[in-house]
Amino acid sequence: MEKYGLLINYDYCTGCHTCEIACQQEHDYPVGKNGIKLTEYTYENHTKLCIDNLPFPTELCDLCLNRHQQGELPACVKHCQAQCMSFGQLSELVKQMEIQSRTVLYSPK
Amino acid sequence: MRTKDVDIFRTVTWSAGAGCHGNCGQKLYVKDNEVIKVEGDEDHPWNQGRSCPRVLALKQYMYHPDRITKPLKRIGKRGEGKFEEITWEEAFDTCEDRLREIKEKHGAESVIFAQGTGRDIGGPISFLAYSYGSPNWCQLGLSGQSCYTPRLGAMKATVGDFIVADCSQFLEKRYEDPEYEVPKVIMVWGNNPITTCPDGFFGHWIVDCMKRGSKIISVDPRHTWMTTRASYHLQLRPGTDGALALGMLNVIINENIYDKDFVEKWTYGFDELRERVKSYTPAKVAEITEVPEQMIVEAAKFFACNSPAAVQWGVAVDMCPEATTVAQAITHLSCITGNIDIPGGQVIARPSHGVTTYPYTSEELRGLYGDDVVKLMNEKRIGCDTYPMVKGFRGWAQPDMAIEQIATGKPYPIKGAWIQTANILGGQAARAKYHYDALKKLDFIAVVDLFHNPTTMALADIVLPAATFAEKDSFRSWWTPLSIIKKRVQVGECKSDWEINFELAKRFNPEGLKQWDTVIDLINSRLSVAGTNFDEMEQKGGWEMAPKGSTRPYRRHERGLLRPDGKAGFFTETGKIELWSKAYEGWEIDPLPYFKEPPQSPVTTPELFKKYPLILITGARSNLFFHSEHRMVPWLREKAKDPIVEINPETAVKYNIYDGEWIHIENDLGKVKRKAQLTPKVKPGHIQTLHGWWLPELNGPEPDLFGLWDYQINKLVPGPQGSDSGFGGGQYKTTLVTLSKIKEGGV
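From first to last, the protein sequence lines are chains A and B.
Under my numbering, the first residue of the first sequence is numbered 1, with each subsequent residue one higher.
Under my numbering, the first residue of the second sequence is numbered 1001, with each subsequent residue one higher.
Errors might be hidden in some of the hints.
List of simulated lysine to aspartate or glutamate pairs, EDC-like, C-alpha gap at most 20 Å [what the hints assert, rightly or not]:
no., chain 1, residue 1, chain 2, residue 2
1, A, Lys-48, B, Asp-1473
2, B, Lys-1211, A, Asp-62
3, B, Lys-1037, A, Asp-62
4, B, Lys-1027, B, Asp-1473
5, B, Lys-1215, A, Asp-11
In short, the hints are calculated from the structure, not lab data.
Keep in mind that this is a model prediction, so the values were computed, not measured.
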């Protein structure tokens, strides 16, 4: 069976926390539990300060199986304010990755 | 739509709950009169399915165990935290009796009507204040009314209208509309749009435009996600924005890269402006702002040579000294580069369809509220004698003068306060302790809010429970689109601000308001300008973009759509954009922009700077909290548990402070606790911390007030600085402080 995953274009992740709350609402997770966790990275490259954000799907990420069965996007992907998250078949997401730099591909399940 | 036993209602947000200035399309999933889930509405052009953390946490806000769901009256001493639940009838009767008593003894002007921001507050609170008869309505505590009003005044005085960055928000098809063009450059000035939806603007539209090719010029003393993506990051010293804008005007004019045709045809006073900016050379401006000279020149050229160019700005502009002149200079940048009302530029923004949520004109005010109120607004409104611009632009009382008057009783006493959507003490109040002492003495205070907070706890005699956007009928015409909000559920006995104020207003002004029996009647009469009504709007899905005409772009000045006389031109005295402002002249302030140093700064107060060598920046926005709201919502608070202060590692070494340590920020006004976060995001010499911190988990009754005096950062922000216009210059971003370690045992 074709596997599904999440592609994150972290060049555009603004760190708004929407994915985290979307996940907690969708699964009714209490504080402390979450299917996705955001980290901010502040560092210097050769010339200037850089700030990047990256969400990471935890072991609790089920890629919103229930939503998928109803033809809906995972809660985090749908609500992402920067629209920097994609959901799809891994083979398709890899193709997207080849043309888009600063991306990570997750295969959580 | 209904699935199984769940109803799905499309709606539009506007605070409370979402914590914002609203207009997002959201879907409420309702089961047995309870909101069980919120989803972004993918068919709404505003957010196109997206949501923010606050609206997705709505159910934890709506059904929070601490939410106030019945009217309360104070039964102990003020501040003791002893309240008793009462009926709405008793609550309304008490408010009516106590307010009438003050009016009879001292006059209606002796009650101040204080709002914060958020919710659909402007309509309901002015409706009540004027029905009661008081001209004194303001954002009490917000020094200089430093939130959008200074910018609005500058735009009105210059362009004759308001202008906003064009991110296609006036068009149904948005970015796909063939009429639309993406800005080549967006100058983001004193605003972090990714954390907020300010002034009727969805912050992430900037990100949408970046993906479609817009380049960014960022004017911000800090490093943020946005500044790291900018082509030019102008990292200026806080409060020197005015000098920077004048320096950029200098470059654009001297290099002859302004839009000569536009300037010739559509502007007034260009030669005077050219003369004025001469002395603001890039070298001089570099010295003032700490932005390298070369970068000022290059950024100015980049802005001028890449039309269409837009400007997205924020309250940092309003918080500059003489903000009305700073905002004027920034407005000039858009004007002389010909970026007005073109696709992807600064488009003229008027309330959608011409619908105003509350009346502005004296004629309409007289009809509704009688001659006396209009007379009082011109004669007794606090600040209108001192500042012609306060008298002439908008209906606000001047907040710094208002609190002085409450404290001193001069020139006439203030005896009561109606506080709605404002946690004054825990939020916007500069010199918060002074506000506390002054307000504490009033005879009667009613507070309308959703949760107890330091303000309800310290001051309220009566607390009235307000509704979230899911629980109210309302409407919205702030730029675009025209929207209605329909009540979907009831929580406890909470009422909307409109319902509360409608009931009381009718008691004070039965004759003037007899044309309306219900809030919906009132909404319908305001919507009638657009040839529609509440039910019809609901049938259409709750929103509608303005039809072609005066409230829809583009190039309306060429088409005679801006002026009442139907002639081409702008809605100003000369019919042109007034770079030399006749309106400012009329308000007895300099018609041309100039720069003034902040009242506290290394330049203005070198002695104070030796004692307090750090510049404190407060008032940044958060994705998780709306001002002083949301600290009790578990999902949100989890992501930002403690009040932190950003400190550059170099600064931290000087003060021997380590990452994660609890420390004090202090100056002559007191000290405030924060957890140190060492980060290069702030420059050495600057520190940054969020305002609005109080801890709902601590004790409410005095003396604790939820930790107010430990965590209220605006306690350190001084009061008025005497601006020329009466607007702007709250020192929220330019106060001088130092850091100290917390000694063993706390305090």
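Broken hints, by number: 1, 2
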